[in-house]
Amino acid sequence: MTTTEIKDQLFSIVKVYLPQDVDASAITADSHLMKDLGINSAHLVDIALDVEDAFDIMLDEKDMEAMQTVDAAVTIVKGKV
Amino acid sequence: MEYHKNRVVITGLGVVAPNATTVEDFHKALANGDSGITHHPELEALKFSCQIAGTPDLDEERISQYFTPLQLRGLKASGLIYGVIAGKDALRDARIEIAPKDQALKNLGIIMGTGQSGGDKYREAIHLIDDGRVRRLGSTSVIQTMSSGISAWLAGEIGAGNVVTSNSSACSTGTEAFLMGYERIKYGLATQMLVGSTSDSGPYIWGGFDAMRILPNTYNDNPTQASRPFSDDAAGFVPGSGTGAIVLESLESAQRRGATIYAEVLGGAVNSGGHRGDGSMTAPNGVAVQDCLRMALAHSDLNASDIDVINGHVTATGKDAYEVMNWSKALHRKGTDFPYMNSFKSMIGHCLAAAGSIELVGAVLQLKNQQVYGNPNITNLHSEILEQIDSTKIPIQTTDLEFNRLMKASFGFGDVNAAVVLQRWKP
Chain A
1 MTTTEIKDQL FSIVKVYLPQ DVDASAITAD SHLMKDLGIN SAHLVDIALD VEDAFDIMLD
61 EKDMEAMQTV DAAVTIVKGK V
Chain B
1 MEYHKNRVVI TGLGVVAPNA TTVEDFHKAL ANGDSGITHH PELEALKFSC QIAGTPDLDE
61 ERISQYFTPL QLRGLKASGL IYGVIAGKDA LRDARIEIAP KDQALKNLGI IMGTGQSGGD
121 KYREAIHLID DGRVRRLGST SVIQTMSSGI SAWLAGEIGA GNVVTSNSSA CSTGTEAFLM
181 GYERIKYGLA TQMLVGSTSD SGPYIWGGFD AMRILPNTYN DNPTQASRPF SDDAAGFVPG
241 SGTGAIVLES LESAQRRGAT IYAEVLGGAV NSGGHRGDGS MTAPNGVAVQ DCLRMALAHS
301 DLNASDIDVI NGHVTATGKD AYEVMNWSKA LHRKGTDFPY MNSFKSMIGH CLAAAGSIEL
361 VGAVLQLKNQ QVYGNPNITN LHSEILEQID STKIPIQTTD LEFNRLMKAS FGFGDVNAAV
421 VLQRWKP
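If you're matching them up, the sequences are chains A and B in order. The first sequence begins at 1 in our numbering and counts up by one. The second sequence begins at 1 in our numbering and counts up by one.
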């Protein structure tokens, strides 16, 4: 799986959790999920579960803490697939 | 606001009931005698004795008008869906505007009661936890299963900044929530209160009642005939679900903002029989029932003769005649002097924790439309009812009636009672 493919898939996962007043075009590789995109912190848990399902991987506590941006998520996913 | 002085009126209604999911349709359905009771293959597959129930009919399109796609992900709590739809409809009906982004509405409170919440979501969580996969619960398990979840959800939608809580008193929950909101406004602690109650759909909430053998088991092929309040062949209550939601408001606030007023709340009472006398966990103490009804009248500064219409609890069990007797004794009225009386349960079943609030919405609609909805499904009035009151006082057909005051009561497991008195609003 290429980095671009992973990134695209992560974008589509994150898109679902955007607040209603934030457009999907706001998502960039280095946008911070909570600070820049306004995603509710409770939903980081759900994003992690969606990432696990999408890439058939398991995330541990450390991964979940590190997964603050799309880029960080790409790095984590690449290390596991 | 002055202490202990406010008059309280009803300025908004919302309902998600087995036979209608908007207030306008609910009025039509009750006036027509439309039944919302249907056969549920799921209950048959699970070998329930009673395979029929009354559940609201909401399609995906309607639901999507109230929830974002994100909110709908993993949403399994049927009661939360009913509660949010009815609650938002009531707030919109009352024309209460959503709070600005940085400031809550400090005089708007919410009390949406429940019996339990999100049984289906809880079941999912239990399976995941037992499999050692607790982290797979995601973020919405708590919100969907906490009793105050509906109140909390609605508080976020509208920006409610007064009390936001949930009450629970079995089948009197809705009527109790109504009184809790009423008291809060009357005593000047809030100016607007969204009150009501919800009951989930499904086998996990109804199973316990099926096991107690208090639901009808001979109407699985004939569901619309199963719920027979007042009738000599009443065979048990038919389980139902849904939400009734009502916006209560101080008269001063309602008039100041030019709100549409449906009716005035004159007063009410709650009490418990304490499982004494005839009372038990499952049976009412009649002395306490009568006390509750008399207290509601007294708090409303009315005499028994002032009551024109009663909307009873009357669940279609062997206790129906006992309830009528308690009303008759409490009001000291019998025969042709007894008020008109009805029960909506022939059409919607017994919506358990939601019963009181759904029926209060119907009661308000009777006052507003000056009609007494009919009581379908009476073969013959129970003989012990006929010993108390004249048969004309329980109309089979919906009847136009010019009347001013309606009394509504709900009674619940735990030997708990709640009664309210409503008055027609004449602008």
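Watch out, some of these pointers could steer you wrong.
Said to hold, decoys possible - From the structure, some residues in chain A lie toward chain B, with a derived Cβ separation under 8 angstroms: (1) Q9; (2) F11; (3) V16; (4) V22; (5) A42; (6) H43; (7) D46; (8) L49.
What the hints assert, rightly or not - Each pair of labels, with its calculated beta carbon distance range: (9) B:Q397 - A:V22: 53 to 59 angstroms; (10) B:V287 - A:P19: 54 to 60 angstroms; (11) A:T3 - B:A104: 43 to 49 angstroms; (12) A:D21 - B:R92: 18 to 24 angstroms; (13) A:H32 - B:E42: 42 to 48 angstroms; (14) B:H127 - A:T4: 53 to 59 angstroms; (15) B:V287 - A:V16: 56 to 62 angstroms; (16) A:T3 - B:H127: 35 to 41 angstroms; (17) B:Q370 - A:D21: 42 to 48 angstroms; (18) B:Q370 - A:V22: 47 to 53 angstroms; (19) B:I129 - A:K78: 30 to 36 angstroms.
Keep in mind that the hints were calculated from the coordinates and are not lab data. Even for Gly, the Cβ is constructed at its ideal location relative to N, Cα and C.
Point to revise | A:T4 and B:H127 - C-beta distance against the hinted 53 to 59 angstroms | key: For B:H127 and A:T4 the Cβ distance comes to about 37 angstroms; the hint is violated.
**Study point:** Outcome of range test on Cβ distance (A:T3, B:A104; 43 to 49 angstroms)
**Key:** 45 angstroms, holds
**Study point:** Hint check: 8 angstroms Cβ-Cβ cutoff, A:L49 to chain B
**Key:** 6 angstroms, holds
Exercise for review: Evaluate the given range 18 to 24 angstroms for the C-beta pair formed by A:D21 and B:R92.
Suggested key: Taking Cβ atoms as reference, A:D21 and B:R92 lie about 21 angstroms apart, which means the hint holds.
Exercise for review: Starting from the hint 47 to 53 angstroms, judge whether the C-beta atoms of B:Q370 and A:V22 obey it.
Suggested key: 50 angstroms, holds
Review point. Is the distance from the Cβ of A:T3 to the Cβ of B:H127 consistent with 35 to 41 angstroms?
Key: 36 angstroms, holds
Review point. Is 53 to 59 angstroms a correct range for the gap between the Cβ atoms of B:Q397 and A:V22?
Key: 56 angstroms, holds
Check your understanding: Between B:Q370 and A:D21, does the C-beta distance stay in 42 to 48 angstroms?
Key -> 46 angstroms, holds
Exercise for review: Hold the hint about A:V16 up to the distance rule: shortest CB distance to chain B must be less than 8 angstroms.
Suggested key: A:V16 check passes; min Cβ-Cβ to chain B is 6 angstroms, inside 8 angstroms.
Check your understanding: Are B:V287 and A:P19 spaced within 54 to 60 angstroms by their CB atoms?
Key -> Distance hint for B:V287, A:P19 holds at roughly 56 angstroms.
Review point. Once the shortest beta carbon distance from A:A42 to chain B is found, is it less than 8 angstroms?
Key: 4 angstroms, holds
Point to revise | Satisfaction of the A:Q9 interface hint, Cβ to chain B closer than 8 angstroms | key: Violated: closest Cβ of chain B sits about 17 angstroms from A:Q9, beyond 8 angstroms.
In this structure, the hints that do not hold are numbers 1, 2, 4 and 14, in rising order.
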